[in-house]
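Chain A is already provided as a structure; the job is to place chain B on it using the hints.
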Amino acid sequence: MPHQLEKRVLLEHAEDPALRTLDGYRRLAGGYETLERAYKEMEQDEVLKELEDSGLRGRGGAGFSMGKKASFLPRGEMAKYLCCNADESEPGAFKDRELMQRNPHQLIEGIAIAALAADAGHAFIFIRGEYDEQADILDAAVAEAYEAGYLGTNILGCHRDLELVVHRGAGAYICGEETALLDALEGKRGNPRLKPPFPAVQGLYGGPTLINNVETLSNVPHIVRHGAEWFKGFGTEQSPGTKVVSISGGVRRPGNYEVELGISTRELIYGLAGGPEEGHEIKAFFPGGSSSPVLTAEEGLDLPYSFEAMAEAGSMLGSGSIIVCDDRVSIPHLALRTARFYHHESCGKCVPCREGTNWTVKMLERMVRGEATPMDLDIVSSVQQNIIGHCLCVLGDSMAMPVGAMVRKYREEFEAVMADPELVLDPHAVVLGAPETLGATT
Amino acid sequence: MSPTGREVTITIDGREVAAVEGEMLHDAARKGDVEIPYFCYEPKLGDPVGACRMCLVEIEGIPKLQTSCSTPVREGMVVHTRTEQVKEAQSAVVEFLLVNHPLDCPVCDKGGECPLQDISYGWGPGKSRVIDEKRHFEKPIELSPLVAIDRERCILCYRCVRFSQEVAEDAQLQLIERGDRTFVGTFDERPYVAPFHGNITDICPVGALTSYTYRFRARPWDIEHAGSVCTLCPSQCNVSFTVRDEKVKRVVTRDNAEVDDGWICDRGRYGFEMFDAPERVRGPRLKGGGEASWDEALEAAAAGLRAAAGIEHTPVGSNSATPSRVAAIAGDASNEEGFLLQRIVREALGSPHLDSRPSRGPKADVLQRLAAPSVSARVREIDEADAILVLGTDPLHSSPILDLRVRKAIRRNGAKLVVATERPTALDGGAEAIARYAPGQAAHFVGELASAIGGAENVASPVAETLREAGKVVVIWGERIAREDGAAEALLEVAEATSMASTEGSGLLEIPDTTNARGLREAGVLPDAGPGLAETAAGKSTEEIREALISGELTGLILFGADPLRDFPDTPAWEEALTAADFVVSFSMHENATTAKADVVLPLETHAEKDGTVTHPDGRLQRVRPSASRPEGVLPNIIVLSELASQLGLNTGIDSQPTAFAALTEAVSFYNGIEDADIGGRGIRWQDRRPEVDQAVESDSPDTQRDAPTSMVQPNPSPRGVASAESLSTAPPPSNDGSLLLGTYRDLWAGPITELNPPLKFLAPQQRVELSLTDAERLGLNSGDQVRVSQNGNTIDAQVQIKERVPAGVAFMAEGVADGNANALLNGGPVQVTIEKRSEAGA
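Those protein sequences? They're chains A and B, same order as listed. Here my numbering is used: the first residue of the first sequence is 1, the next is one more, and so on. Here my numbering is used: the first residue of the second sequence is 1001, the next is one more, and so on.
Just so you know, these hints were derived from the structure itself, not from any lab. Note that the coordinates shown come from a computational prediction; the quantities given were computed from them, not determined experimentally. No incorrect hints appear here.
The calculated lysine-lysine pairs, modelled on BS3-like cross-linking and capped at a C-alpha distance of 25 angstroms, are:
hint: 1; chain 1: B; residue 1: K1408; chain 2: B; residue 2: K1472
hint: 2; chain 1: A; residue 1: K362; chain 2: B; residue 2: K1127
hint: 3; chain 1: B; residue 1: K1408; chain 2: A; residue 2: K195
hint: 4; chain 1: A; residue 1: K362; chain 2: B; residue 2: K1139
hint: 5; chain 1: B; residue 1: K1803; chain 2: B; residue 2: K1837
hint: 6; chain 1: A; residue 1: K40; chain 2: A; residue 2: K68
hint: 7; chain 1: A; residue 1: K188; chain 2: B; residue 2: K1408
hint: 8; chain 1: B; residue 1: K1044; chain 2: B; residue 2: K1416
hint: 9; chain 1: B; residue 1: K1044; chain 2: A; residue 2: K195
hint: 10; chain 1: B; residue 1: K1139; chain 2: B; residue 2: K1249
hint: 11; chain 1: A; residue 1: K362; chain 2: B; residue 2: K1134
hint: 12; chain 1: A; residue 1: K188; chain 2: B; residue 2: K1044
hint: 13; chain 1: A; residue 1: K362; chain 2: A; residue 2: K409
hint: 14; chain 1: A; residue 1: K195; chain 2: B; residue 2: K1064
hint: 15; chain 1: B; residue 1: K1416; chain 2: B; residue 2: K1472
hint: 16; chain 1: A; residue 1: K68; chain 2: A; residue 2: K49
hint: 17; chain 1: B; residue 1: K1761; chain 2: B; residue 2: K1249
hint: 18; chain 1: B; residue 1: K1087; chain 2: A; residue 2: K195
hint: 19; chain 1: A; residue 1: K68; chain 2: A; residue 2: K195
hint: 20; chain 1: B; residue 1: K1064; chain 2: A; residue 2: K68
hint: 21; chain 1: B; residue 1: K1031; chain 2: B; residue 2: K1087
Interface residues of chain A toward chain B, partial, derived using beta-carbon atoms under 10 angstroms:
hint: 22; residue: S346
hint: 23; residue: M375
hint: 24; residue: I379
hint: 25; residue: H390
So the derived label-pair ranges between C-beta atoms look like this:
hint: 26; chain 1: B; residue 1: K1031; chain 2: A; residue 2: V201; range: 21 to 31 angstroms
hint: 27; chain 1: A; residue 1: H159; chain 2: B; residue 2: K1087; range: 57 to 67 angstroms
hint: 28; chain 1: A; residue 1: G187; chain 2: B; residue 2: K1363; range: 46 to 56 angstroms
hint: 29; chain 1: A; residue 1: K68; chain 2: B; residue 2: P1063; range: 15 to 25 angstroms
hint: 30; chain 1: A; residue 1: P197; chain 2: B; residue 2: S1502; range: 35 to 45 angstroms
hint: 31; chain 1: B; residue 1: K1031; chain 2: A; residue 2: E229; range: 52 to 62 angstroms
hint: 32; chain 1: B; residue 1: K1087; chain 2: A; residue 2: E163; range: 48 to 58 angstroms
hint: 33; chain 1: B; residue 1: A1257; chain 2: A; residue 2: E41; range: 56 to 66 angstroms
hint: 34; chain 1: A; residue 1: K409; chain 2: B; residue 2: G1005; range: 45 to 55 angstroms
Think of the CB as a built atom: it goes at the ideal place given N, C-alpha and C, for glycine as much as any other residue.
With the rest of the complex left out, here is chain B:
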């Protein structure tokens, strides 16, 4: 019985408690401030299992005690939680649990924050009657390279196994053996390697599952918990840092159903040792000169930028006849940092050249329409959607927590999933229909999809059918499709065709390429829009900035939390651009190939150190709070930017997070009036803030309902590579030289995350080239073969992996890996690559 929403009144321990009919008694009791002990109950894991028997209570009219976790509330229910009968039963369950528990609390990491300890103290018999030997297991042993398991401490509550089977759906954890011989393990004792597996350490109610990164590092009485937001990907999960001696020792979940549903991925959980990595930039540095003082560094930066901008003698604000020759690109930055950066570039350096995207993207007017509240989905709406379209992204890699969210919607709510991507995704198994389009054909496919929803018969029809029949549709789309001209406009047509604007619970949810992409755009870090997406004089986009640096049209560059040599397409061109630039200022957390080429390197705070706000892809402003101390030579990012502005003659009036936030909310029309208290611990979607804000934004942007753009999509005259099956229906014909179309993707574990965090090193992906069986046969290649992949003179080495679901005619490679980064081959648009066996290539 699921909650009906009807308000009922029940009586617990003589007190009347308001409840919702059908909700579990345990939840109703908790809301009524009645604590009922429990171990196995965890609504995040799905339906209750009633295994631990700890929450037994007496319900009048029912002879046997009932588990409150699995008893739906009914009007007039009379419940007793503290009668002798209940106390005896609860005390008995505690006694039973301790029959085999080692009670090694003094040396257990869970000691002090252990539900078993707390419940034994609160509800247990207080003394033991057990003199018999307890069960023994080898302990602790590696459940995975990151998690240790102590099977003697395990109370077999089933939580970790339910997580593996019913939340992550990796089905790796199993209960093995029977009765009191039962233990948690994996088939054949293989390591439990899965991207979310660290969550089992959070939900374990005893010290059976502990992270190697935290074992014996701290005790609960000498740690502090600092609630913040993980900014390692656009999911922006709410986390709590466990801090000891001002250092982060652990990252745990901080449940927010609006954002993360109470889970975090292993990237966010174990990616904290990099805060102290040897590669960390610990102070300002000048090219060739090594460490510099902040004064020296900021002076040097200001002088260099002024020189490059050609405003050496021009006062701020005056309209210089010569256009500014400085540009800036932001990557990982907070809203306030982005806001300050765009003020520096626009106001102090007089330049319109500013971007926050890795290559290119839609124009400001299209961004405005995409941001309209009426077509925006909130994360929580995935739960209730009738149909979900995953378009041009694989959430597991790009926003991992949404992968779990989509699985949940299918498993618990029967949502229908359709997937339309270049590359096979982790969610394919649960999809009703799958469409594969060729790299470079996203815009065309989305256009076809919009017309198919409208009734046309085409390659997108199987996907369209599911969407057409559904009421509430959520489209989770990857920002990178919008690098193609017309894709974003076509997406708006899909929104129109599915009546998103008029359907409550329907909407678009973007997965951007960078964590705070939405916040940076809204703060004005765009070539053609200022704060609040207000249109401005058009500057150059990231790609255009690169070309202008090479041509000499631009001479100076500010990089804020961006590493083009790792993350942006076309590495050789970026090498050239950075070499050609006269002056480069790089703000960076860690040393990398880009900082090595910079004239001034300024250190950045990590997300555990900084203070600021970020905006979730669904519009939720969230607060990143300082949790740990900065290295001595690192200053708050906002102060540094404000200082740099002063050196350039711009007085921003910003000297702290509150002043920066106030300036931001004043400048961004739809953030107007939002205060820090509104954000609180859970964040606030600006769309939910006030209805009049909604209207303001809607009227700012072209009305999606009034003038549905119909001519925006320019269908490819020779449509290629769109199919509704696992192969492309019109794959590129095999060329004589055996070349294939290259598709690239960002792997969850590619990038500095696995290089700067020693515990995650074992997950670092090697470059592979994924081929269909057809192409592999044609090229005479087998899985495991070492090959050389070439494009226009650039080559990278990779290992062949034949994948059944890869469409013929396409080869997939990972971006951002340490060796053989596929960005090196992305020489504009979709590219063809040739693949040769390395022995044949003479390697």
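Chain A extracted, bound-state conformation:
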């Protein structure tokens, strides 16, 4: 049974394995009824207006209005595309995996309706290569949807076509960046493109392209079914709707929890995820995946969990992935581990990210080995400043913001480790990434 703090829309019936099949999706969730209504009764502008009015913000990290993004696509006879970004690779984020695994048809229906709004004839799900099982599930669901006439040519006799292809990525975090995703999809090296032009104007194969995250698109059938007003009934004014939050790290019940945006962060971490393990306290947490600046427990626990509150606190809600660090976590080691991830994943195209991530790792490695001086701490800080805002895409910032915040907020801890590397709390007490199990909903 869902916890009383949860508000399940996307994850409704998630525990029932039958939901994965077309029959189950129809029976349990009234699946594809909305698609049928949208295709048969609605015009492109009606669908678009509903999405715009709902205020749905992108769930992939940037939080940009989904309807507004769709409205940027030029009208006309050119080939247009829709890409579902399922390259969920941010340490701490594992919500899309669960959404695709448990309810693939909800995503497919969302894509088909969004394609109507974008007037796209070709859609792709770019799924992270490691999500092999989920890709198989999607493949099976897509085949069912084709079979049932929800995809393909002349959908439901409405003279509209939509081809949907599940494309498996080859294993690079950068391909989750929307323009790198497009290059990878086109068969090129997955490197970010210069913006502008934005994908909405010139995206895949040079055509106007709408790119949305799995969770964003999974919201679409619900919004079109119940209307924008219903959707705005959840969450806050600036962060309407529910959000599937991945909670991991030093908590007793890590997993995905769907809640209304604006819920207190303390309730999320303590009430739903069970709080820290016996005998420990929460020291800090990443509110929106490993790329969000860490908040100390004092700073963050009592904030509402919303886009605006996290931004105001100098961090971000991002993809909605909370990584909790308890009092055993060594912040310098956490910084190194964070930096190593982004160094490993930097595509190398632009200089500040390529060299900045590499240099930061080398400096942090020296620090935890005790081979650094306090001056190095200033250099690390200044290097992070030199990265932020100077890169081609946000990957560089994704390291510089959390590492910069850690150095700023836990300077004494860095100095202590540098002075005596043996004085480490527990370098292994860091959990970055998804837990082994699927979380509390199982």
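Chain B in isolation, oriented as in the chain A frame:
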């Protein structure tokens, strides 16, 4: 956003700067004398990539710093390039770049001419905060036999990779690995062998890519840069010679968008060691006698020519009753050299027999019409063309830089390409329609094309369709099609059918067989036209000169920069002609089979040594400037010719380049008034010089619009070998003896270039006979088989290469290769050859 052409005003660092709306801020700043540092930006490579982040600037109203290379200019934009925020960002980028750069400037060839060095000095922090170990690679290693790569110095600006992928389109260079482990390389570490690859050494902003021919040869502070023109092919790319101790050490680009777009091919770049090759003719030489003094040699030459001409006792200028028996052929020569040569032949030797073409070509009246400004395309017009027809030539081999230009037009401007040739070309992949005609059928095909554009349905229709629908049409055509009677006239019909004369941006652009063919024709080195293409008494063409030498009608020959035994069709006949001649004077840069048969050999300056002008195929006069010293025994070509004229009793009044140029421009009506200053560093098209010149030339020539020639084309009564696909629709029927029609072509690397320049030796082509799968099967041959190719008693050995795109019924072989030169088989017109396996032939 592309430039709209609207003039706008922006403010940079408090100063108002005039700019064009939509152009990149970086370009606008540069024009306004504001320097913004950059590494990756290079408009020649296409759209900006914004990778290096060096050009970040502050734009009012935009919170984050923006890359000026990728920000289009808008009216009223206020930009700051020197604020604290900008300085910090730029300094940070330099610091980041140096995190992994070895800073081995003292031993780096780029040191002193290195953008990274300059920008570190100008915009960097001035001190290093990096104490960590830098990345390491094995270095330097061979990226190709000509280019070394030092991956530690590489700053991953992407320029070389963009060149390979988006300019040369060879797609060989790739970025391998990710992040700071990224390195530039090729698939499977194969050597990067491609005809333009040396350009990556020019665009590399650090010392990561260096040419083996220049590594450790000089330092920037003891070299000089001498701007000149490469005359190794008709492209006439603008180059700069790097000269140390008066010797050429390197050839680099000297951007001229009107000519080369800032690129040069590897022939031009690496073909300079031949200036000092052991084969170089270093002084005058007499047959059998070895070295001679200039006085002796010129006296001997004059005496021999006078004797051969039969004017021993006849004063210059008098009308001798006996026709002169001397002829001259020019190959590689400047305008002034050609002009002087024709004066010697016409005025001093009283002979009309003069040519500058390898075999034959159109009559003077047709040449006049082809030269009319209204139907001439300029190189730059390829960029903006709606449709491009490549006709009877493969630019990659005949004028390499135009291959890149056509690719650019397709890639960046969506130009539609159609190709009509005998042999498959390097550009076929980007063509909308391809037509293959059989060797010898060019004239017929072009005639068909003209009528197809006019609406007729025939084999040329698919090609014609693209041209008909296009507005601006540029036809790039190979001179060799005009060896066939009627081809040039048919081409003029194509010009008429596509309304070239009245369409701005449309025109014909010839790729001639030799570098300065246009200049030599315009200087009067033609059998039936003098300077300015003015008609004269008809003399003999190259082919006729050869036959007349054999028959004894002619007895003396001057060859100026021409090597018939290598370059002209029908080598056996030329052997015979040179043997039969009583007296041969050969002006040559290098010893070759022809100089071995000459009575007097006179040395020529190379294009790095000589002073003179050449005329680009689009009419652009360009200046070749002396850059390096001559070998001691070599004199300026103009002086030698002028001296020879004096010895023959003709006082030309020419004793220097300026006097020669003045005489030339005075004699060529449409060069009138052009001065050296007009040519400057970029050249000047004579067509652009003055509108009245245009009219003068137009009225000199039959009006293409008034009397469109319609009866010039004589269609072959049994049209053969014209097709719109990859096979000839009406291929020659397989003959019982298994013979095939021979098509020949000049390979980019065939000829002395790969023999006289040691670094290029590995590129020397071996003779291959290219066959279609059908013919190979019929003849029982496989790729790699050694065969003997025979024609009328002449044979050459070759290796079989089966090529999918070769039409059935035709075999292709290369001209000019060292062993098995296909010219040996070209016994007049299209010829049939038989092919036998060498084991069967008993070889």
